[in-house]
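Novice: Quick note, the sequences are listed as chains A and B, same order.
For the first sequence, counting from 1, position 540 maps to 831 in the numbering used here; every step adds exactly one.
For the second sequence, counting from 1, position 169 maps to 190 in the numbering used here; every step adds exactly one.
Everything labelled a hint here was simulated from the structure, so no lab data went into it.
Stretch by stretch, here's where chain B covers chain A in the computed footprint (C-beta under 8 Å, at least three residues): (1) 578-585; (2) 591-602; (3) 757-771; (4) 801-812.
All of these numbers come straight from a predicted model, not from anything done at the bench.
The beta carbon of each residue, even a glycine, is placed where N, CA and C say it ideally should be.
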Amino acid sequence: MEHIRTTKVEQVKLLDRFSTSNKSLTGTLYLTATHLLFIDSHQKETWILHHHIALVEKLALTTSGCPLVIQCKNFRIVHFIVPRERDCHDIYNSLLQLSKQAKYEDLYAFSYNPKQNDSERLRGWQLVDLAEEYKRMGLPNSNWQLSDANRDYKICETYPRELYVPRIASKPIIVGSSKFRSKGRFPVLSYYHQNKEAAICRCSQPLSGFSARCLEDEHLLQAISKANPANRYMYVMDTRPRLNAMANRAAGKGYENEDNYSNIRFQFVGIENIHVMRSSLQKLLEVSGTKGLSVSDFYSGLESAGWLRHIKAVTDAAIFLARAIMVENASVLVHCSDGWDRTSQVCSLGSLLLDPYYRTIRGFMVLIEKDWISFGHKYSDRCGHLDGDPKEVSPVFTQFLECVWHLTEQFPQAFEFNEAFLLQIHEHIHSCQFGNFIGNCQKEREELKLKEKTYSLWPFLLHDQKKYFNPLYSSTSQKLAVLEPNTVSFNFKFWRNMYHQFDRTLHPRQSVFNIIMNMNEQNKQLQKDVKDLESQIKQHKNKQTDGVLTKELLNSVRPESPALKTSLCLKEQTLLPVKDALRTVEGSSPADNRYSEYADEFSKAEPAVVSSEYGVARMTC
Amino acid sequence: MEFSELIRTGQAQAELLRGPEMPPLRGTLCVTGHHLLLSPGPQATPDLWLLLLRSVDSIEKRVAGDAGTITLRCKDLRVLQLDIEGVEATLDIARSIEALSSLESVITSFPFFYRPKGLRLGESWHFHPPERYYKRVARETRAWRLSEANEDFSLCPSYPRAVIVPRAVDDDALARSAHFRQGGRFPVLSYYHAPSGTVLLRSSQPLTGPQKRRCAEDEELLQAVLAGARPGSRGFIVDTRSAQAAKQARMTGGGTEAKSAYPGWKRLHRPLERGRPLQESFVHLVEACGDLEQSMDRWLSRLDGCRWLSHVKEALSTACLAAQGMEWEGACILVHGAEGTDSTLLVTSLAQLILDPLSRTMAGFQELIEREWIQAGHPFQLRCAHSAFSHTRPKHEAPIFLLFLDCVWQLGRQFPLSLEFGEGMLLALFDHSYASSFGTFLCNSEKERCLCEVRTRTHSLWSGLNQPKEQRKLRNPLYAPNPLAIWPSVEPQSLQLWQGLFLRWTHPPEPSEVAWEKVWQIATDQEKTEGSQPTDSASEPQP
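All chains, please: the whole structure from these sequences, using the hints.
Specialist: Now the structure itself:
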């Protein structure tokens, strides 16, 4: 609280981001310990979590006041005009302090209290159990076993304690291999395909330089190969572009030499590094945030940002991985440089294609826990949770979510969850409201005692799962068991609902999802009603076989139904996130859209006609 | 003329390849006067494959050894390949198709021979006469009348016999105004917006010429429009050309309304692409969509380069501007470009969809197309003579109607519950406007259709589409009547490529079709369960 000097500023204007002139809402700005809150004159609230703030800018003073622009990690951009410069300066300074915490302990999760007791909190953390998940895959078995080599994080600090390795790989081999791999991240199992007996394994790049070898590492790869009785060769996928991998050799790192490893098929798949991805997204946002953007500028910007090209590259890599397992029965070892960014993307996306379980709400949580959280994707660094090196920040996980979204677009029936689920998860990797994504690896999380001091996100999502159901989901379709996406360029498009989540004027005005969801709910309810009534009729018939009476009975019960339906709809609506509720037709008005720079000529012709209520809107639309 | 003269061969053995997702068909190939037939033999399903020759846009033949290959590119953007046994047979078939698919005569075209079971000739042709729309207007206001001054098409050959004009203007004045407008297209009522009492008019450009001529009757006509609306009403003339182009048109006898001559009216210029540039945009887009191997960058740059989505954006925002002028500003709107038969109709019909809930129903949409496109004299025969594949240099072709359908599709994407018809309807209209068994889109105007006796000798597309068996394909299962105006977002992020049309054959989105089936199922389940209830399902609360 010591950072907050002003808690309330009145007469603040919130500008419309896409309006060509200065359409705005006036209201009051409040600064709390965790949030920035704006309440406009219609009592509509805009909450901005401090941790979501990526950038605060104070622009040059104008006649109407001091502009304050806040860019958020969930792609919300707000533009305030604070009447007095001193207030603006105070808020600006406070936000600078509050949005960049120096210590983990100052993050929201450590103070967030959803009023649960300790046992509820613990049960929440146990909801996703990776030991259970490996059991589901059919492990351990005759070829794969749980290794205790990393039980105390002695071999690799950024791996979890429990790792599955080939049964024939002895501890000395593992230790030897880990010394030959960047950050000690030796090859371990990520996913096991029970029917094919093939595995997805992951690691970091070998420290091969120009000629170095490591017999233990070669043995470990051979062991992985042998653990698959169906195929004698395995794939090694280096997810980097060839050039980058070669450059790494000069630094004593590099990639596997096919001559030294027996029976491997080595493959580069060319996904760019975190720095390229960061600036690509930055360019994309610059383009899509332009006021008065033309169609032509949008598409040429989309092209030059390269973002969709990267999304396609990641998806293509996952398809390559899935095909190796499905078509060739081959195990695959995936790595990049450190094996926690591109490797996590490709392994998790590949598993998602192969295993329908990961396409359920619960399964998707498990997938994120396994391939991202437990294997040490550096959430705190990549999301910039603490004030740190901006070069470590990169939208790697966002990119993964976008790849998943593209799959849900191509296979509308293959996923139990909907877009809102992906958006909600994205919201919380940055919110620091829950403990799951805090820290960079499991060891660090244990040291922070997150399970005692914070809550897990998953039970909260599961509690609200009604919001996240895909009404079109077909869990039984055999055709959708393994997904084979088509990555022809047409299939990739700008994810408006992510990058313009909060710019509701750009959204479709009516949501198909909501209506189908409601219909589905109502169908179920009505069918239940019919059943209930039928059973009541039966009971009555037993007592008295009078047709007239049953008819009356039906009439007396029926009028309840519409009321029941109304309440259902209302309930559904309140459940939906605010932004969904706003996407209705009522939100649609010409004032929200720039149809023409000429439209203001309408009002110029006879300004007296302009009513005060819509005056501002008309002048600007 | 006998078709038999143009058919060079009886039949041949051939294999038909219909694209990546469909199995090839083998059988006997045969050319008739209007169709290409492939009969795979009685056991096969389907036992007969038919292609209307009129729908062939371009044909390419190749021979090698003793076999040949014909590639047919169709107007509905499908690409078909025929592998034919025998060089002679290949060449003969190719020549026959070439000759028969490019016949220009209307009265020998297939609709004059098409006699489907279950439909009666003359049915549905009187579904949507202008008189019917006039009745709707007359219920609301007395300021307008139905004029039959054009009974014999002498005032304006591209207008229907009856048009709706201000009551205060007599037929003689109309004749003079017609004289002052290109092609005789004097200002007529397109849409009456009851909530605001304002009107949407359309016309062609005034023939002011370099001398800046004026026409008193034309000025009176527009004056009468304002007088008939609410007191103090203003008017806007939306010119679909740039100010520069409108000025230049004076050199060739055209021009635009002078400010001083039309008090109360203000001119706005919203340039919309038409003619050859629009056709080229269409051709480039279709080319880009045919390339499945291109990189992401190449695809995005081609999508940008063809400018199709820019045209969609411009058309939609101009229509929104017109609609906004009526509903929010209480102004009367006159739309015209040069001829008033292309971009003008695009704007007036879209503005109605935005404002008028009735035009978003199945019947209302059909009426809108009949009234605002067919009877309003959009020259379908000229504009849709060729689609995107033709090698011949385009003369009058322009996909302006397709642009309209695309804009409607965008509206449907943004208001998925507010249109009673679905994507299937828009696809059907696209297909039929370029090649059809029905007579609805034949000819360029009502006058021509009368001369050819289209109404009595062909079937109407509407009666074909309104058959119960077609409904599942054409309707939107999620439709819920929406009494409000629908204001779309026209930001580039909100507009999408119409994949269902441009990638229909190259890249069938199969999983989403299955999903659509599921939507239908959920929606019809809803109707069924609700059907068992006595309560009024129309009052169903929709969130």
